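There are 2 protein chains.
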Amino acid sequence: MKLFNKAVIVGTGLIGGSIALGLKKKALAGEVIGISRSQKTLSLAKKRKAIDKGSLDLHIAKGADLLIFATPPSTVLKLAPAIAKIISRDCIVSDASSTKEEIVRKLEKIFKRFVGAHPLAGSEKQGIKHACAGIFKGSLCILTPTPNTDQGAIKKIKSLWLSLGSRVAFLSPAKHDRALSLVSHLPHVTAFATIGTIPVDNLKFAASGLRDSTRLASSDSRLWADILLSNKKNILKDISSFGNNLARIKSAIKRNDVKSLARILQAAKHKREILG
Amino acid sequence: MKLFNKAVIVGTGLIGGSIALGLKKKALAGEVIGISRSQKTLSLAKKRKAIDKGSLDLHIAKGADLLIFATPPSTVLKLAPAIAKIISRDCIVSDASSTKEEIVRKLEKIFKRFVGAHPLAGSEKQGIKHACAGIFKGSLCILTPTPNTDQGAIKKIKSLWLSLGSRVAFLSPAKHDRALSLVSHLPHVTAFATIGTIPVDNLKFAASGLRDSTRLASSDSRLWADILLSNKKNILKDISSFGNNLARIKSAIKRNDVKSLARILQAAKHKREILG
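As they're listed, the protein sequences go chains L and F.
FYI, the numbering for the first sequence is 3 to 278, going by our numbering.
FYI, the numbering for the second sequence is 3 to 278, going by our numbering.
For the record, the hints were derived by calculation from the structure and aren't laboratory data.
It is possible that part of the hints are untrue.
In this list, chains with the same sequence are indistinguishable; a pair is considered to hold if it fits within one copy or across any two.
[Stated by the list, open to error] Distance condition first, Cα-Cα at most 16 angstroms in a straight line; then the derived EDC-like pairs of lysine to aspartate or glutamate:
| no. | residue 1 | residue 2 |
| --- | --- | --- |
| 1 | LYS177 | ASP203 |
| 2 | LYS80 | GLU33 |
| 3 | LYS273 | ASP203 |
| 4 | LYS235 | GLU103 |
| 5 | LYS158 | ASP203 |
| 6 | LYS49 | ASP152 |
| 7 | LYS4 | GLU33 |
| 8 | LYS127 | ASP214 |
| 9 | LYS51 | GLU33 |
| 10 | LYS80 | ASP59 |
| 11 | LYS234 | GLU104 |
| 12 | LYS158 | ASP92 |
| 13 | LYS158 | ASP222 |
| 14 | LYS239 | ASP67 |
All figures in this text were calculated on a predicted structure; none of them were measured in a lab.
Modelling step: build the complete structure from the supplied sequences, incorporating the hints.
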């Protein structure tokens, strides 16, 4: 079902490339255009039939009725004013950023029809070569409209994500950033800090437990530096709560308090079981 | 290839049950006996053909030429003196405990032919119902003999683990506990602390990243309290190093220092890539 005539994806990496592939596969757009800062990425995106055309130049976005930013948050903020000069006021604009508060606040001032979106999909892998239309299937896409958001644009962006196979939930940008700091940003931080603590010559004794628990530390480090800074207030708070939790475990070990220690671990285990 | 006449497994849970299944499957022992504090566990072990006979009474170990402790470390220490009065001085004794220093120091005083062993296998699942002879295939089993260890016993325990499909490595008990604190005990602690930090009503926004990174927090909380206390010196040190690492990340976020932050994350990512 065609939802858009000319869809432009800014940033054709893992997520942008997967959205592009989904648009093509489900024929959701008349044409799909990719914008990247790398010609190599665009060539591969074209070869993989994720896009019909690609360009390093933002002006290719002219005439779009859908434009999705799929770059790190700081790049979204940097490119938005230039994009606004090129596309029509009626173009629906969305994104796929992992943080929403700052982006929604700024982009809804720049674009008339902006809808914040965050597909909770993807993996620690990077780049168009790992893109796949199927990564959204069964995943959750959180939309973060505000009282200012254009209702027609919300409806179309919702249809888009349902068509890509996602479930769709709505949260305010602030609530989104609060929740994602806990369920995504904090585990990234602890994964990076855990593997960072282990001297290289001990890694040969690692079993699957370490591999799984630090998989998130394979994520793009520049992107994640960007995400953490763009959710500074929440993640600093959650790192502190985590630190308090860790201190309780440490203190129980120091005191040889097997009962308290088992109780803390058991409470954590109970929560983990909710995830299945 | 029969290595033993009468093999006794003390603790027929996930690991003990899997060893028993492997002994039977590869016909490594004339008979396999299980000891448990639960009749239900023994019945299931027998039904699954992991053991020929089972008992709640340690005296069934009489006449064994192999006895393996597969219980939490504190239970090994508690049962060892009683077992020593039942089995012959020539019986080869081993274990599967996650920590080795204290156990090896004490058990080599109690048993003439003790060889410390730690199969780096298993999962967060528990109990005989999840036991499987295949869990050791391709995994690493670390043996921790000392200058006092009987050479014939080392050879037989090594053959046993190779026959069960493991690779075998040798480390001193102290080096084992140092390395395992880093590659196994620390990630358990951070997994428990991470999921413990997240309020339950946020878990519905969790994606596969949180699920994988906290899978270790599904582990048996009583067993892990025991393991952490039995490796107290090392794990307290590693929690502190981890805390320093976390503080560096926190400080870079506080200062909005994207370059330092990306550098810290990138160094962690490099190490993670070594794990594959």
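Going through the hints against the structure:
Taking the shortest Cα distances, LYS177 and ASP203 sit within 16 angstroms of each other only across copies (12 angstroms), while inside one copy they are farther apart (42 angstroms). Taking the shortest alpha-carbon separations for LYS80 and GLU33, neither the intra-copy value of 25 angstroms nor the inter-copy value of 72 angstroms comes in at or below 16 angstroms. In this assembly of identical chains, LYS273 and ASP203 lie within 16 angstroms of each other by CA distance solely across copies; the values are 10 angstroms between and 33 angstroms within a copy. Taking identical chains as interchangeable, the C-alpha atoms of LYS235 and GLU103 lie at most 16 angstroms apart only when both belong to the same chain, with a minimum of 11 angstroms there against 43 angstroms between chains.
When the C-alpha separation of LYS158 and ASP203 is checked against a cutoff of 16 angstroms, the pair qualifies neither within a copy, at 52 angstroms, nor between copies, at 29 angstroms. Proximity of LYS49 to ASP152 under the C-alpha cut-off of 16 angstroms is found in neither arrangement, the shortest distances being 35 angstroms within a copy and 64 angstroms between copies. Proximity of LYS4 and GLU33 under a CA criterion of 16 angstroms is satisfied intra-copy only: 10 angstroms inside one chain copy versus 69 angstroms between copies. Proximity of LYS127 and ASP214 under a CA criterion of 16 angstroms is satisfied in both settings, with 14 angstroms inside one chain copy and 15 angstroms between copies.
In this assembly of identical chains, the alpha carbons of LYS51 and GLU33 lie at most 16 angstroms apart only when taken from the same copy (11 angstroms versus 62 angstroms across copies). For the identical chains of this complex, LYS80 and ASP59 are intra-copy neighbours only, at 15 angstroms inside a copy versus 72 angstroms across copies, given an alpha-carbon limit of 16 angstroms. Taking the shortest Cα distances, LYS234 and GLU104 sit within 16 angstroms of each other inside one copy (11 angstroms), while across copies they are farther apart (44 angstroms). In this assembly of identical chains, the alpha carbons of LYS158 and ASP92 lie at most 16 angstroms apart only when taken from the same copy (13 angstroms versus 77 angstroms across copies).
In this assembly of identical chains, the alpha carbons of LYS158 and ASP222 never lie at most 16 angstroms apart, being 30 angstroms within a copy and 47 angstroms across copies at closest. Neither within a single protomer nor between protomers do LYS239 and ASP67 lie at most 16 angstroms apart by alpha-carbon distance, with minima of 39 angstroms and 57 angstroms respectively.
Against the hints set out earlier in the document, violations occur for numbers 2, 5, 6, 13 and 14.
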